[in-house]
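2 protein chains.
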Amino acid sequence: MVEQDNKFLNQTLYIGIDGGGTKCRAILTDANGLLLGEGLGGPANPFYGVERACNSIEEASLEAVIDAGLPPSMLNKVVAGVGLAGVNLPNLHKALSDWKNPFLEMYLTTDMDIANIGAHDDMYGAAIIIGTGSVGYVNTPKTKFMLGGYGFPISDKASGAWLGLKAIEHTLLVLDRFKASSLLAEKVCDFYQINTGIELSEKLVGYASSQYAKIASLVFNCASKGDEYALEIVEEGVEYISILASRLVEGESLRLSMIGGLAKYWRPQLDSKTSAYFSDVKQQPEFGALKFAIQNWTKEDRKIA
Amino acid sequence: MVEQDNKFLNQTLYIGIDGGGTKCRAILTDANGLLLGEGLGGPANPFYGVERACNSIEEASLEAVIDAGLPPSMLNKVVAGVGLAGVNLPNLHKALSDWKNPFLEMYLTTDMDIANIGAHDDMYGAAIIIGTGSVGYVNTPKTKFMLGGYGFPISDKASGAWLGLKAIEHTLLVLDRFKASSLLAEKVCDFYQINTGIELSEKLVGYASSQYAKIASLVFNCASKGDEYALEIVEEGVEYISILASRLVEGESLRLSMIGGLAKYWRPQLDSKTSAYFSDVKQQPEFGALKFAIQNWTKEDRKIA
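First to last, the sequence lines map onto chains A and B. Using my numbering, the first residue of the first sequence is number -16, and each one after it goes up by one. Using my numbering, the first residue of the second sequence is number -16, and each one after it goes up by one.
Hint data in this document are derived by calculation from the structure and do not stem from the laboratory. Do not rely on the hints blindly, as some may be mistaken.
Since the list gives no way to pick one copy over another, a pair counts as held whenever it fits inside one copy or between any two copies.
[Claimed, not checked] Cut-off 16 Å, straight-line C-alpha distance, at most; resulting in silico cross-link-like pairs (EDC-like, lysine to aspartate or glutamate):
1. 162 with 211
2. 162 with 219
3. 162 with 222
Please model the complete structure; the sequences and the hints are all you need to start from.
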């Protein structure tokens, strides 16, 4: 342990943090990018509490430091890159920036930004990030913008929550005999172990988008078996992703990746023209956060020199 | 006052209570149906707190008793009929039944039931209740059921919240340039005083369905001016209401009414076949609650006799 300490005393360590809605991932490397340790923390979406997000970031970071065999006190010698939802909003950005964080320095950016950097191993590129929610993101030397991603239920088409909502809307119409029975409605009823609309609505009290996203894979599964309602939903999602992809790369020869838990479901659904837009993801978001930290820290070093 | 007291000492008084999500209405009558007083209380949707709902019911009832020039102590000589959302669910029904209420007797039923009784001045009939939410309701000697009404955003098509959600979804797609500009999107942006999708989504943080319902009339307004997106939304709502109406009365010659804040917007949109299903509302829901109280109390009297 003492040897480890000494070894790192004279070099800057970096931590990359991907703060998600259900958990927070941290990776610790040395200045050469050698992976030293990893950590997990609780939810870190500042929309649902800035203090909890900060605690989760600290928790995941401490775990990474300890995983590396280093003392917790080393945290204040670490430069952190942190990607969080919502910090493009001035209020949340300020709240997080005001945090008396435990790091030597902390650089803050959006979850979209670190996912994008990770995917391309480069600051610049475009991404469709599609899990519980969905958003399109572009970062070039000239512009930086997002499309969609305004949250459930007003936006985030083709996301897990959107797929779940569509499946549940359909199931309620089937249960009320507005629509003919379907495999999709059967699977939704099986999943929630319900027989009536009232029972289904009771299961969804509270309406967290992540609860809807739980049944997203049922839609793809039923579509693959030819269920016409599931196919309709998937078709609407594909249409949205196709327009989104073309809007993100229009007029630019940008690298575009699809990231997130639903990417593996959507990619095979796309037509060949839309598929051709996409390149594979190079690194996960926490590595994007790490790269963001290194770039900002070394840039500042240059300023000082 | 003393004279008033004496006058009512030897007869049963009735109170009809319509407990809504934003306020609670109470009307007090004598045994002959003569209106003695009216009262208003706070929110009385037990979904958002049983205690608050009970307080609102008591508040509105006390106000009606005082409005009639009677002492508050008279409340325990009053037979109450109360219509509340959600009391078709066993848990909420039990919670409300367990309430040590201030009345001589309290009869509890759903908000749908009292609206239906009021509309037809009869226990039996069908109703489409369409305001912030929407639901279809049937009560006959043989059956009693609801269609839709499972809540926002999974159900309640054609409701105010549904119209608002559709308008906002559309506006976000316009702001992201997925769709061409439209009068509806302009009006939504004007209403919320916003220019970007981020600003619009920030206005809707919390996502209460009543917030969406606030812009329902914009959709009808834009449709009347020929806006194609507004017309599409209205058309989808009309289609739903048409099927709902025919499903409610199928095979029965039931009286059907449309009740609630959006009835005045939807009625003129319907085709002549669907319009023909509908009869005008006879009385407001609080009168339905009153009738429900009188029927139950006199029925019990007969049992005792």
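Each hint, compared with the structure:
When the C-alpha separation of residue 162 and residue 211 is checked against a cutoff of 16 Å, the pair qualifies only within one copy, where the shortest distance is 12 Å, while the shortest distance between copies is 26 Å. Proximity of residue 162 to residue 219 under the C-alpha cut-off of 16 Å is restricted to the inter-copy arrangement: shortest distance 15 Å between copies versus 19 Å within a copy. In this homomeric assembly, residue 162 and residue 222 come within 16 Å of each other (Cα to Cα) only across copies, at 13 Å, whereas the closest approach inside a single copy is 24 Å.
The structure meets every hint from the earlier list without exception.
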